[in-house]
Amino acid sequence: MKKVWMFALLAVAATLSGCQSVQYGDATASETVNTDFGSTDLQMIAAKMVDDLLAFPPVVQITSQRRPVAFVDRIKNKTTEHIDLESVTDTIESKLINSGKFRFVDMSVVERVRQQLEYQRDSGMVDDQQAMIMGRQVGAEYMLYGNMSSIVKRDSSTKDVYYKFTLKLMHLETGIIEWSGEKEIRKSKSRGWIGL
Amino acid sequence: MKKWLVLLMLPLVLAFTGCSSSNMSAIEEQEDGTRATYLKSNNSLLYSRLGIRDPKTTMAGDLMRAQATLENRWKFKLDFQYKVKWFNADGFEIAPEGRPWTTVVMPGRTQLNVQATAPNPTATRFEIWVQE
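Protein chains in written order, with our numbering: chain A, 1 to 196; chain B, 1001 to 1132.
Mixed in with the good hints, there may be bad ones.
What the hints assert, rightly or not - Straight-line Cα separation of at most 20 Å, EDC-like style, residue types lysine to aspartate or glutamate; simulated pairs:
1) A:K168 - A:D128
2) A:K187 - B:E1132
3) B:K1056 - A:E118
4) A:K187 - B:D1079
5) B:K1040 - A:D26
6) B:K1085 - B:D1062
7) B:K1085 - A:D52
8) A:K168 - A:D73
9) B:K1085 - A:D26
10) A:K189 - B:D1079
Don't read these hints as lab results, they were simulated from the structure.
Hey, can you work out the whole structure from these sequences and the hints?
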């Protein structure tokens, strides 16, 4: 009988340890580990913003004959969480570039671009005929900016989180907001009756 | 003693079932050709409980926009995820990781409009994939 017990225990131990394995998953799968801002929220916000922006009739008209140049300003984080909102705007920017409707200038690399252009001009290491010339960059016509806010409510058994992401497209010369989009997300988590 | 053995083996059985993943067979072909064209799933039970109505497209400039109405044919609520996939004229999926699976909860006998804009002007058709 002892042997049977040993065998059963061994099988349980082997099975449980076998379940602990690292696996790759679908990066676009719905993630609901907790109510904090997560990858699914990021992807849903980016998809909604790009869908709405590209389908808005005045924007369709603006982008029908040319690809306007824009830049992304920072998104103000008004939530209580630490959220990498640059990641959200990076995804939005990528989708807009890949749609073939907008072009972007990247303000986060301006200093490094200047250093490279100065190197090409002044170092004597680069063929003058092939050196990039300063002062020929294209100015952005539009600015994308916005903010993200949240409302968190909780009681002893439930936590409810509401996120609101707002994005605006402003024409830099006139200051007119050509488009504004919003995405709302509600997530709630309830404790089970045994407190888990 | 036998009871103890059964109790001991129970987690083993549960663990095995917990580790396995259900992999349903391919899409069940329906008489309704429209449904089979626009709605896809690898879960035959979910697929049988969902219907699709009025799939339509319009153009926003040269970008295709799609809309379809998902219908919960079951009398109980359905908790599932959907994803809109876009394809070009050659049948290649455009930006396969471009859209997330979106979770929805549909009460019994209700409808939900799903909309999406194509990622770029090469899109010519769309499919709505559903999974649990």
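Each hint tested on the structure:
About 42 Å separates the Cα atoms of K168 of chain A and D128 of chain A, which puts this hinted pair outside 20 Å; it is violated. For the hint linking K187 of chain A to E1132 of chain B, the alpha-carbon distance of about 18 Å falls within 20 Å, and the restraint holds. At roughly 54 Å between alpha-carbon atoms, K1056 of chain B and E118 of chain A are farther apart than 20 Å, so this suggested pair is violated. For the proposed pair K187 of chain A and D1079 of chain B, the alpha carbon gap of about 15 Å is at most 20 Å, so the pair holds.
Between K1040 of chain B and D26 of chain A the alpha-carbon distance is near 18 Å, which keeps this suggested pair within the 20 Å criterion. Simply put, K1085 of chain B and D1062 of chain B have alpha-carbon atoms about 18 Å apart, close enough for the 20 Å limit, and the pair holds. A threshold of 20 Å between alpha carbons decides the hint, and for K1085 of chain B with D52 of chain A the separation of about 17 Å falls inside it, so the pair holds. Between K168 of chain A and D73 of chain A the CA atoms are separated by roughly 10 Å; this keeps the pair inside 20 Å, and the hint holds.
Taking the CA atoms of K1085 of chain B and D26 of chain A, the gap is about 15 Å. The hint holds against a cut of 20 Å. For the hint pairing K189 of chain A with D1079 of chain B, the CA-to-CA distance comes to about 16 Å; that is within 20 Å, so the pair holds.
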